[in-house]
Amino acid sequence: MLRGKYRIALIALGISLPIILALAAGLGAYYIPPWKIPWILWHRAEEDGYRVLAYIRFPRVVLAAIVGASLACSGACLQGLFRNPLADPQLVGVTGGGALGAALWLMFVSSPVLGMWGLPLAAFVSSAAVVFLVWLIAQRTHANGMVTILMAGIAVNSIAFAIIGLLTTLADNEKLRSFTFWQLGSCGYATWPLTFWTLGLSCIGLALLLRAGNALNALALGTTEAFNLGIAPNRVKRQIILGCALSVGASVAASGGIGFVGLVVPHLIRIAVGADHRWLLPASALGGASLLVLADLGARTIAMPVELPVGVITALVGGPWFVWLLIRTHKEHAYA
Amino acid sequence: MLEANALSYRIGTKLLLDNFNLSVNPGDFVALIGPNGAGKSTALRLLGGELQPESGAITLDGEPLVGLSPTQLAQKRACFQQNPSVDYPFTVREIADLGRQPHRLGRFESPHDRRVVDQSLTAAGIIHLEGRLQTTLSGGEATRAHLARVLAQEPRLLLLDEPTNHLDIHYQQEILQVCQQRRKEGCAIIAVLHDLNLASRFADQLVLLHEGRTAAQGTPEEVLTSERIHDVYGIESVVWKHPCGCPWVVPLLDSHPIEPPEALPLAAAH
Chain X
1 MLRGKYRIAL IALGISLPII LALAAGLGAY YIPPWKIPWI LWHRAEEDGY
51 RVLAYIRFPR VVLAAIVGAS LACSGACLQG LFRNPLADPQ LVGVTGGGAL
101 GAALWLMFVS SPVLGMWGLP LAAFVSSAAV VFLVWLIAQR THANGMVTIL
151 MAGIAVNSIA FAIIGLLTTL ADNEKLRSFT FWQLGSCGYA TWPLTFWTLG
201 LSCIGLALLL RAGNALNALA LGTTEAFNLG IAPNRVKRQI ILGCALSVGA
251 SVAASGGIGF VGLVVPHLIR IAVGADHRWL LPASALGGAS LLVLADLGAR
301 TIAMPVELPV GVITALVGGP WFVWLLIRTH KEHAYA
Chain H
1 MLEANALSYR IGTKLLLDNF NLSVNPGDFV ALIGPNGAGK STALRLLGGE
51 LQPESGAITL DGEPLVGLSP TQLAQKRACF QQNPSVDYPF TVREIADLGR
101 QPHRLGRFES PHDRRVVDQS LTAAGIIHLE GRLQTTLSGG EATRAHLARV
151 LAQEPRLLLL DEPTNHLDIH YQQEILQVCQ QRRKEGCAII AVLHDLNLAS
201 RFADQLVLLH EGRTAAQGTP EEVLTSERIH DVYGIESVVW KHPCGCPWVV
251 PLLDSHPIEP PEALPLAAAH
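So the protein lines, in turn, are chains X and H. Note that my numbering has the first sequence beginning at 1, numbered continuously upward. Note that my numbering has the second sequence beginning at 1, numbered continuously upward.
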């Protein structure tokens, strides 16, 4: 009975994602009817339409999809790992680390040596380093709980943002503006090479995350009970932190700091379908992908020709909707 | 099947358990009793493999406990702990299904898993609540959901830490009767119990712990005497006989021992 509900949700999300991708690939400054996309691709017809699709739209919507999937799936995993519905990928330092790397690059280096790769590379390396630092701090504390890594993450994050704050006060206007835009998030940097790299790294991360479903179900009872059920909590912790560092690290590097998706999508799925992580994780990934593709579509079409930061869209549209959902949700879902 | 030899465990300089010995065979029901802080839960957690003893050794089916992986352990023993809280809206059935995890090779449940979960939910008396969200359950219902989970684990050794907490007198009896049923199928049971009379009624071996040491160990008749209860708990009591023949501890509110009245409840019961 319940399995049926999970399965229907997963199938519905799986079907809607390609439809949303086609829709997003078609709409924009250069309009291409979404139902004509397969025909255009197959025949390489409509010179301009084909180029727009193949070189501009597709890398972008695919990037948006993989970033959304990474953020939402990581959020679901971290919420399960920390047994805290407020957890999201920012907490383990991925976002803060990425932003620090981006800020350092934009303020100090910003050289054309590495071309378009400089900024994402700096962000990715710095985000991985910060997560590793958080991990090391958590390992050095005696308590073996999940809380230590959460607190280490909060501490390191605030240090990272303090340094960023320092950098922004010192920066000139132009640098400040480009960093602010980066921080608000955008999928507009997408090119095929960038999308492929993000896709590759994120998929390795997602593969680690999606396998944690059973373990996270057991961990919902606490680390002791999880151990009694045959789970090694430390191994799961390593697996999830590494998965998040890879998938969210790559996403942040490619598209900047996009908030809200990682926090909200798992909640929506939990409210709509249920809490079983074996279904929640893939459903969050699919839902996050759809949501961010739509948000990115909004970002580039709402105020044409001006492009809005996608992080602003996710928060502005998603925030009130989420609040409404929380209020009207049945009492029994009110947890923690 | 389970042998514990000279276990001791300390935190800092405080010795929580000292020279604890226990031998359990299939079908045994051992109750660990003693005052608060006597080391009962510590002993149980050592036996379950969650804590490592500072000295001494535990073997399960002849194999040292430290050599078993969490999954191997979970295939043999199940632990029922006090009030595990679940933070997300899982259904009762999903909670019971967690017990199948150590036996499952793939990610999803087989028809066999589903059958075992059905049986466990029925045995725990909550099959009618299988679709309810855990967040809406009463304390007693939640306790039974977790009982269904440990039953679904099909353990050969069942460790229970105060399983009768939060349960009314009916379900206290019922949860221990479910355990009795498992005993008949060859499952060994070790339970921490606060209620001396429940321990006496259901267990065939009692271990009375006091300040980390074993004050007495043996059958309920051997362990439960009013002198020992006075030594360990510091209360006066008389030990009568339950209609079923096991000792029955009646605490006396007054600190002076009083003579039991002529007409014992035992006589009234007959």
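Just to be clear, a hint being listed does not mean it is correct.
Here are some chain H residues pointing at chain X (derived, C-beta under 7 Å) [said to hold, decoys possible]: (1) Gly67; (2) Thr71; (3) Pro84; (4) Tyr88; (5) Gln101; (6) Pro102; (7) Glu154; (8) Arg156.
These are computed hints drawn from the structure, not numbers from a lab. Quick reminder that beta carbons are idealized off the backbone N, C-alpha and C, glycines included.
Quick rundown of the hints versus the structure:
1. At a threshold of 7 Å, the smallest CB-CB gap from H/Gly67 to chain X is about 15 Å, leaving the interface hint violated.
2. A cut of 7 Å between beta carbons decides the hint on H/Thr71: the least distance to chain X is about 4 Å, and the hint holds.
3. Hint status for H/Pro84 relative to chain X: holds, with the closest Cβ pair at about 5 Å, below 7 Å.
4. A distance limit of 7 Å between C-beta atoms decides the matter here; for H/Tyr88 the minimum to chain X is near 4 Å, and the interface restraint holds.
5. With its C-beta approaching chain X no nearer than about 5 Å, H/Gln101 sits inside the 7 Å limit, and its interface hint holds.
6. Of the supplied interface hints, the one on H/Pro102 holds, with its beta-carbon coming within about 4 Å of a beta-carbon of chain X, less than 7 Å.
7. For H/Glu154, the interface hint is violated, the least distance from its beta-carbon to any beta-carbon of chain X being 13 Å, above 7 Å.
8. A cut of 7 Å between beta carbons decides the hint on H/Arg156: the least distance to chain X is about 14 Å, and the hint is violated.
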